[in-house]
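Protein sequences appear in the order of chains A and B. The numbering used here puts the first sequence at residues 272 to 350. The numbering used here puts the second sequence at residues 153 to 805.
Derived from the structure by calculation, the hints contain no laboratory data. Ideal placement from N, C-alpha and C gives every residue a C-beta, glycine not left out. Incorrect hints may appear among the rest.
As the list claims (entries may be wrong) - Straight-line C-alpha distance at most 27 Å; calculated BS3-like pairs for lysine-lysine:
id : chain 1 : residue 1 : chain 2 : residue 2
1  : B       : Lys735    : A       : Lys310
2  : B       : Lys552    : A       : Lys339
3  : B       : Lys587    : A       : Lys310
4  : B       : Lys190    : B       : Lys154
5  : B       : Lys552    : B       : Lys735
6  : A       : Lys334    : B       : Lys735
7  : A       : Lys310    : B       : Lys583
8  : B       : Lys367    : B       : Lys382
What the hints assert, rightly or not - Among chain B residues calculated to face chain A with C-beta under 10 Å, some are:
id : residue
9  : Pro184
10 : Thr187
11 : Gln313
12 : Gln314
13 : Glu347
14 : Gln355
15 : Asn357
16 : Arg374
17 : His386
18 : Val586
19 : Val603
20 : Ile799
Stated by the list, open to error - Under 8 Å between C-beta atoms, here's a sample of chain A residues computed to sit facing chain B:
id : residue
21 : Ala280
22 : Gln281
23 : Phe294
24 : Arg295
25 : Ala299
26 : Pro305
27 : Leu308
28 : Lys310
29 : Tyr328
30 : Ala338
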Amino acid sequence: MLTLDQVKAQSVATIISVDDSPFRAKLADMGIGPDQLVKVLYKAPLGDPIAMEVGDYVLSLRKKEAAKITVKLEGEAHR
Amino acid sequence: MKKIALVGNPNSGKSSLFNRLTGLNQHVGNYPGVTVDKHLGSFKDSQGHKIEVVDLPGTYSLFPKSRDEAVASEILVDSNHTDHPDLVVVVIDATNLERNLLLFTQIKDLGVPVILGLNMIDLLQKEGLEIDQQKLSEMLGNIPVVALDSRKGSGINNLKQQIETYQKSDLIPFAEASPIRNGAVLDLPEAQQIEDTNSRFRQINQILRFCLTKKENSKSRRLLSQRIDKVVTHPIWGYAIFLSILFIIFQAIYELASIPMDLIDEVFLVASQWIGTNLPEGVLTDLIAEGIVPGIGGVVIFIPQIVLLFAFLALLEESGYMSRVVFIMDRLMRPFGLTGKSVVPLMSGVACAIPAIMATRSIDQWKDRLVTILVVPLTSCSARLPVYTLLIALVVPNDKMWGLINYQGLALLSMYLLGFAAALLVALILKFLVKAKQQSFLIMEMPTYKVPRLSNIGLLLLEKTKIFVWEAGKVIMAIAVILWALASYGPPGRMDEAVQKASLAANLSTEEEAAIRLENSWIGIMGKTIEPTIEPLGYNWQMGIALITSFAAREVFVSSMATIYSIGEDFEEKSDTMIERLKNDTNPKTGKLSYNLATGFSLMVFYAFAMQCMSTLAVVKRETKSWKWPFIQFTYMTALAYLAALITYQVLK
Chain A
272 MLTLDQVKAQ
282 SVATIISVDD
292 SPFRAKLADM
302 GIGPDQLVKV
312 LYKAPLGDPI
322 AMEVGDYVLS
332 LRKKEAAKIT
342 VKLEGEAHR
Chain B
153 MKKIALVGNP
163 NSGKSSLFNR
173 LTGLNQHVGN
183 YPGVTVDKHL
193 GSFKDSQGHK
203 IEVVDLPGTY
213 SLFPKSRDEA
223 VASEILVDSN
233 HTDHPDLVVV
243 VIDATNLERN
253 LLLFTQIKDL
263 GVPVILGLNM
273 IDLLQKEGLE
283 IDQQKLSEML
293 GNIPVVALDS
303 RKGSGINNLK
313 QQIETYQKSD
323 LIPFAEASPI
333 RNGAVLDLPE
343 AQQIEDTNSR
353 FRQINQILRF
363 CLTKKENSKS
373 RRLLSQRIDK
383 VVTHPIWGYA
393 IFLSILFIIF
403 QAIYELASIP
413 MDLIDEVFLV
423 ASQWIGTNLP
433 EGVLTDLIAE
443 GIVPGIGGVV
453 IFIPQIVLLF
463 AFLALLEESG
473 YMSRVVFIMD
483 RLMRPFGLTG
493 KSVVPLMSGV
503 ACAIPAIMAT
513 RSIDQWKDRL
523 VTILVVPLTS
533 CSARLPVYTL
543 LIALVVPNDK
553 MWGLINYQGL
563 ALLSMYLLGF
573 AAALLVALIL
583 KFLVKAKQQS
593 FLIMEMPTYK
603 VPRLSNIGLL
613 LLEKTKIFVW
623 EAGKVIMAIA
633 VILWALASYG
643 PPGRMDEAVQ
653 KASLAANLST
663 EEEAAIRLEN
673 SWIGIMGKTI
683 EPTIEPLGYN
693 WQMGIALITS
703 FAAREVFVSS
713 MATIYSIGED
723 FEEKSDTMIE
733 RLKNDTNPKT
743 GKLSYNLATG
753 FSLMVFYAFA
763 MQCMSTLAVV
773 KRETKSWKWP
783 FIQFTYMTAL
793 AYLAALITYQ
803 VLK
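Start from the sequences and build out the full structure, keeping to the hints where you can.
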């Protein structure tokens, strides 16, 4: 099972589900929900946090938060 | 009178629109019980009727995740709330419709009358997007849609007209089955919130398929943003750029702020002297000349630094760079129980703790914010610089290590590093002591880069200055007057007796008389009383007096020293500078020089850690809404200063 924190930069993935966590509702508000396409853009030094394109904007998440998001890989720079 | 509210996501340009609508007809208040600023303003409609505008805190969703968001939700949900609006303008970043529309659909389903403001419409084409506004309006239930460019000001008149002529029609709900329609918002279980949100996004996406056309290969502006990000988040260049920006900011603050600060200092000194000589002699004149006027001066003197620092912070924030700083610093700050958002306040603390603490508002989680507020004053602010400079000149030789590194410069650098180290260490301890209601997270939007708008920055500076002068100014004035009273009065007759006695032995200069009076005032007595407790730190009672007077502001140390050490010197000749006098002063008990390496460093360490700034305490009180935290901060910092100074003295002795 692939989680978002393992996705490499410049790869596109579709969100399958978001695990239960204290910030799950916050992620939902930011557009992180099932079927959403995300493109990982770049990671901060030390690989954490991670910046990604969600719809039309850029969101940054800590690795710990991204690890709660299960995704399916769509391929490289597909959009 | 009509009351309208501006609601929208952070970075939607809502504040720009608020500034456009109200101009200078705005002020900041507070919502009762929370540290959330309440921005109120007004404008006149074409009939000359006043329309009140409230700019609600930026929020992503009606289901609140922070205090700011909770304030916005409560006002919108509770129709009996005093700030509940007659009409809501939901401001939306048109280049990011999908996420921005969530909040709009939620508010619409509350049944509150809404107008949709499509902001940043000018950027839409640059992004290769096209919106069918007519269709969007229809699909959202025939609500009025106004295209806006709040940065340039276009569409504002149209919006005003729409507000004026708004007719409430029977609104078709967006999500028929949503619990929001029954007002179930603040008490809705989380699982249902998420379900509601996810289904709204599905619906929004369907609508956008009809109203929004994307042209391929024309996301130039966004690509530019990402290209800049590549550089500013680079493992080497990213930090190098951040450090250079900090360097420029501090250079500018030290260079530019000192000019108005010296001027303010001079003006208030002259004013106080003028009042002292020209008003009839008496207690009232003394109070005005020596208590109130310097007290006001003590408030005003901070304004240049506050304005300059906030001007730079606003530039970084408005341009979008600030969130990149948070991004590259977050991982590094986390081991200390801080977040990336703590970095800028901590760095600002090097200039002045007051704007630094005011800048912690950007930290959305209370625990992170509180810890940052508690440790910021440990970083060495500019007021400590005169103290360090004086003491280093006294005790550190002006030589070079290996003929290269100046010892005095090295000592100064060490003091700054010591401040940072202490701040991080204390944060680490507080991480375990302060209880958090919520787990810390960083789910942060990284806005595209924008050219900052100067009028927005100007209004922000005006607001921050007003807050400082009115809210903190009251407390600072009160303490300044108390300190004045303690320094100019003593037990009945004691000061006069001492002066008389001394004048029998020799002719007293005014400076000498002032020194004797200070020695016999309440503060002088306090300085002597605490001598036994500060003796282990290597201090004499003169330093005790300076420590107590420094509570008003650290830099007072230098002037107190000047007053105290004017004793016993022949001022006619003025041969000795104050520094030479201090250098030659010996401690009668130990027979050693009063200012040797051990006492010098002990004093510097004390000043590095002690909370000797009533202005900071007043600001902490304002930002935490209670006296509890400034009290705790004062206590722990004093204890830390005492212990650290004790160790320093005993080791170096």
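- [ ] Give me the numbers of the hints this structure contradicts, sorted from smallest to largest.
- [x] 1, 2, 3, 6, 7, 9, 10, 11, 12, 14, 18, 19, 20, 21, 22, 27, 28 and 30
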